[in-house]
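Enquirer: What follows is each chain in one-letter form.
There are 2 protein chains.
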Amino acid sequence: MIYNMDTLYEAVAAKGPVCVGLDTVADYIPPAERRKAASEAGAILAFNLALIDGTADAAACYKVQIACYEALGLAGLETYAKTLRCIRERGIPVIADIKRGDIADMALRYAAAHFSGDFEADFVTLSPYMGMDSIEPWLSWADKAGKGAFVLMRTSNRGMRDFEYQELKSGGRLYDAVGTKLAELAAGRSGVHGYGVFGAVIGCTEREEAAAIRKKGRNLFFLIPGYGAQGGAAEDAALLLCDGNGGVVNASRSLLRAWMPAAAEEDPDRVNNVRAAEAARRALIEMRDAIRAAAGPAKT
Amino acid sequence: MIYNMDTLYEAVAAKGPVCVGLDTVADYIPPAERRKAASEAGAILAFNLALIDGTADAAACYKVQIACYEALGLAGLETYAKTLRCIRERGIPVIADIKRGDIADMALRYAAAHFSGDFEADFVTLSPYMGMDSIEPWLSWADKAGKGAFVLMRTSNRGMRDFEYQELKSGGRLYDAVGTKLAELAAGRSGVHGYGVFGAVIGCTEREEAAAIRKKGRNLFFLIPGYGAQGGAAEDAALLLCDGNGGVVNASRSLLRAWMPAAAEEDPDRVNNVRAAEAARRALIEMRDAIRAAAGPAKT
Numbered sequence: 001m002i003y004n005m006d007t008l009y010e011a012v013a014a015k016g017p018v019c020v021g022l023d024t025v026a027d028y029i030p031p032a033e034r035r036k037a038a039s040e041a042g043a044i045l046a047f048n049l050a051l052i053d054g055t056a057d058a059a060a061c062y063k064v065q066i067a068c069y070e071a072l073g074l075a076g077l078e079t080y081a082k083t084l085r086c087i088r089e090r091g092i093p094v095i096a097d098i099k100r101g102d103i104a105d106m107a108l109r110y111a112a113a114h115f116s117g118d119f120e121a122d123f124v125t126l127s128p129y130m131g132m133d134s135i136e137p138w139l140s141w142a143d144k145a146g147k148g149a150f151v152l153m154r155t156s157n158r159g160m161r162d163f164e165y166q167e168l169k170s171g172g173r174l175y176d177a178v179g180t181k182l183a184e185l186a187a188g189r190s191g192v193h194g195y196g197v198f199g200a201v202i203g204c205t206e207r208e209e210a211a212a213i214r215k216k217g218r219n220l221f222f223l224i225p226g227y228g229a230q231g232g233a234a235e236d237a238a239l240l241l242c243d244g245n246g247g248v249v250n251a252s253r254s255l256l257r258a259w260m261p262a263a264a265e266e267d268p269d270r271v272n273n274v275r276a277a278e279a280a281r282r283a284l285i286e287m288r289d290a291i292r293a294a295a296g297p298a299k300t
Numbered sequence: 001m002i003y004n005m006d007t008l009y010e011a012v013a014a015k016g017p018v019c020v021g022l023d024t025v026a027d028y029i030p031p032a033e034r035r036k037a038a039s040e041a042g043a044i045l046a047f048n049l050a051l052i053d054g055t056a057d058a059a060a061c062y063k064v065q066i067a068c069y070e071a072l073g074l075a076g077l078e079t080y081a082k083t084l085r086c087i088r089e090r091g092i093p094v095i096a097d098i099k100r101g102d103i104a105d106m107a108l109r110y111a112a113a114h115f116s117g118d119f120e121a122d123f124v125t126l127s128p129y130m131g132m133d134s135i136e137p138w139l140s141w142a143d144k145a146g147k148g149a150f151v152l153m154r155t156s157n158r159g160m161r162d163f164e165y166q167e168l169k170s171g172g173r174l175y176d177a178v179g180t181k182l183a184e185l186a187a188g189r190s191g192v193h194g195y196g197v198f199g200a201v202i203g204c205t206e207r208e209e210a211a212a213i214r215k216k217g218r219n220l221f222f223l224i225p226g227y228g229a230q231g232g233a234a235e236d237a238a239l240l241l242c243d244g245n246g247g248v249v250n251a252s253r254s255l256l257r258a259w260m261p262a263a264a265e266e267d268p269d270r271v272n273n274v275r276a277a278e279a280a281r282r283a284l285i286e287m288r289d290a291i292r293a294a295a296g297p298a299k300t
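Keeping their order, the protein sequence lines are chains A and B.
Per this note's numbering, the first sequence starts with residue 1, numbered consecutively.
Per this note's numbering, the second sequence starts with residue 1, numbered consecutively.
Worth flagging that the hints you see were computed from the coordinates, not collected in a lab.
A pair holds if it fits inside one copy or across any two, identical chains being indistinguishable in the list.
With a cut-off of at most 25 Å between alpha-carbon atoms, the simulated PhoX-like pairs for lysine-lysine come out as follows: (1) K215 with K181; (2) K169 with K181; (3) K82 with K36; (4) K181 with K216.
With the hints as constraints, model all of the structure from the sequences given.
Expert: So this is what it looks like as structure tokens:
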């Protein structure tokens, strides 16, 4: 079995650690393209396809945030399905950012939903609140189809201090307890590059803890949000990598809206999706190079 | 503003505390009906509509588990949307069991998804792992449209011991910390019956803690899973109510599959959806009466 986590590792080695987050909403789309589209869901699909086309050579993977698509109902989810399909047809790994978490039999239903059929992705994100019996059922898809997951451990929002940061009587914080369970999972099910087939979500917003988290979660591949708009810098992200690999750093707004500053100086109506994608690619390359400079070149 | 939580309270006073869980999967549908349907999603829709028709007079509300529908892709979500619409058209409260939880701007997208449009429900379930900034954005819909939510606090699965049960250095368990935050929310935003417009999910599987949880969460309306198939009894559920109100007790499998034992003694092919719904109604009434007997009559 070739695990998707190995494919992702190899993509990072070849293309750098940037994950392009397709948290696409109407406001991010050039106005001329919005007017041209028959519907909001249609406008988002056209924008996504152009973005993928323009960034495929430099993106390690894509992450598609389902909330943006669910918000538009059935039409939005059709766009979601088509976006995933377009990425997978190019052989690029795609992470479904769904943050699901439910009891075991429902976990299996959700896994069928997001690892096969209309919404098939290569990876999902999961929420651990209900415990490991809400996570483990998803693992059956690792051996069946190579699928992987990233479990929320320490996120990049301010509210993470409410519960994730709670200190436990048994030592460490709640997110450490989640990390320990995930490292156990990883020890039991790893790919050829030494990383567990399930990894963890670690925001790059808290520099002082990064080295300890990386050391403790040596065998965990990280999905790293919080870069750019949320405050994380290249140096913060680099601390969560390991020889430039072992993680992907997500950026969404800073890439999708990269066309805006230049457009503000001329007629924004002249910007189309292709130009937006070119601007996203330039921003992606800049981000990748900044992380590479901070982390050193990726080990191959 | 009439809050949905008040409407739900009044439904419990009038009809008892049973929430019918439409976690419908193909295996629960009489074989003759499954064969008749053009698709799995179509079979589930027909079953749901019959079930709703047969139980509407005795159900306080319905809970629809989206995992069962997501598993069937776009067609499944169309059935999900139609099921919600059928319940809302009857003026009965419906809970979307979605357990979403994401950063603030995504919480707003999810809220738009599940409080308006194709997937509009009266209540949702939410997961608190990421903190209160993943919960609070949903609250804007309480004042805008009366909407409510139930936040996972202590669930009914075995895995809840992994994290929800972790003892905190500051005292209490993780689920207590969640409860404290929810009680604060409830204190700030309550309906006419004294319950917060957002409540909590509390499984009825741990009898020894029930009285303390009920006492501490005096102003929290509870969504109570774990009855029946998961091991909770009427007495356990009753301990989480308050004068027979202040909570709804969910049952799914035990109602949806209620037609099976009788069918096993004759030709199961003779059972149709209407008979399945009649069996579900009988099981519902029995459950309601058992909880009422244990809790005393509902205060009106």
